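**Student:** Given the coordinates of chain A, work out where chain B should sit on it, guided by the hints.
As a plain string of letters, each chain reads:
2 protein chains.
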Amino acid sequence: MTGKPLGRFYAVGLGPGDPELLTRKAERILREVDWIFLPGESARQVSFAGAILAPLGLPADKFRSVSLCMTREPGINSDRYRSAAREIIEGLHAGKSIAWATEGDPLFYSTFLQLRQRLLEVAPDLEIEVVPGISSVNAAAARVGMPVAVRDEKVAIVPATYGIDCLPKLLAEFATVFLLKVHLVFDQLLDMLGTADMACEGCYLENIGTDRERVVHDLESLRGQKLPYFSLVILRKLAGET
Amino acid sequence: MTGKPLGRFYAVGLGPGDPELLTRKAERILREVDWIFLPGESARQVSFAGAILAPLGLPADKFRSVSLCMTREPGINSDRYRSAAREIIEGLHAGKSIAWATEGDPLFYSTFLQLRQRLLEVAPDLEIEVVPGISSVNAAAARVGMPVAVRDEKVAIVPATYGIDCLPKLLAEFATVFLLKVHLVFDQLLDMLGTADMACEGCYLENIGTDRERVVHDLESLRGQKLPYFSLVILRKLAGET
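Residue numbers (the working numbering), protein chains in the order written: chain A, 1 to 242; chain B, 1 to 242.
Isolated chain A, as found in the complex (with noise of 0.2 Å):
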């Protein structure tokens, strides 16, 4: 397929997962789109983005849902999104405007930047518009009123399975540091904060936003928990704030 496609390609951020954090654009792009398509885990009935924008009641032959696993082996959804983005190409060209949405923003960690890349080998010069959402790094920080940056300090955000044993090094030049993913590590994570040094207060929160939301401030009695994805940890320095 050659020349400019005639729909508008958008990726949006649905932010966390409290349908009220999606900002008034995103919400507008969606409404006016002919397609949007929802990644989901194949799994479960109704995608977590899904359930975001169940509330602004879309209707249902808007929706082209793309099923995928949700594992950290890189190459195993590569044919789901080089199948979906050879119907975007297509769409596009047939004139549908058509959204991608993803969970949080669409830039960090989020399906569409796995997407992005098959979309860019098919079309290249493809115009992308991004709508960033709230990420959960600032959900989480704004649920439990812990500040991610005050003045002139440093921020970390660093997925667990490749930081814990960096922590120390991390919380001696970083105020917050934020650890992703710690459900697969959450015991070591536990072991590192008792024998490492570090005067911080920590925060664990899980499917923040959405009727399944966890919040714990005792770190220590999630020990031996079997924890989900959708998780993670906010250390922030002690006597950071001045």
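Among the clues, some could well be false.
For chains that are exact copies, the list does not tell them apart, and a pair is met inside one copy or across any two.
[Said to hold, decoys possible] Calculated lysine-lysine pairs in the DSSO-like style (CA-CA distance at most 30 Å, straight line):
id, residue 1, residue 2
1, Lys181, Lys226
2, Lys237, Lys181
3, Lys226, Lys169
4, Lys96, Lys237
5, Lys154, Lys62
6, Lys181, Lys169
These are calculated hints, taken from the structure and not from any lab test. Note that the structure is predicted; figures quoted are calculated from it, not measured.
**Tutor:** Just chain B now, with coordinates in the frame of chain A:
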């Protein structure tokens, strides 16, 4: 004043500048509350936050302006925050519902964090509901379509005044580095980027989402220019994306 205040208090993030990047929740709460405290630069007639809210057409008598000096000197606005805090607590006890509106996110380098300290001095048990906003970090990345983080990448957010000399070390470890408030040290940043062996792409953005927005990919072209307060640079490691 003792006892639990009657009114509810909210810290509401307005997002980076585009009125459409307000969340639906922010809009609802700003319509519902009795008073909206609007911090702004004393030198300007309409505050930045006020300009974001203008399209909502809220009644003028809802607003309470708080005139602040934009300065790096910590103490200089203390009295203004203290008197705003007193007025808020009095209002809450009189049954008013009150929002403190800030550009961006209330917990991310915001005026609210200064106010919060003063509020908690007067009323340590005050319940504050924080409504997160799109931060300049997510807005900037969306504006230029640059990933914040893919898969297991790490992200650092650093005020440029304190972080320029740490840049080579930061870029060795973090896939994306956001340098905030770069206006004061921009030429130093250019020198550092020129000398250090850092394979990264960079992008400069100012006043994102406003009619004074500027996006510059050729950083060197900005050498010697006077840059505004709301300015940031995204540095992203090349080949960081897979």
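**Student:** Output the numbers, in ascending order, of every earlier hint that fails for this structure.
**Tutor:** 4, 5
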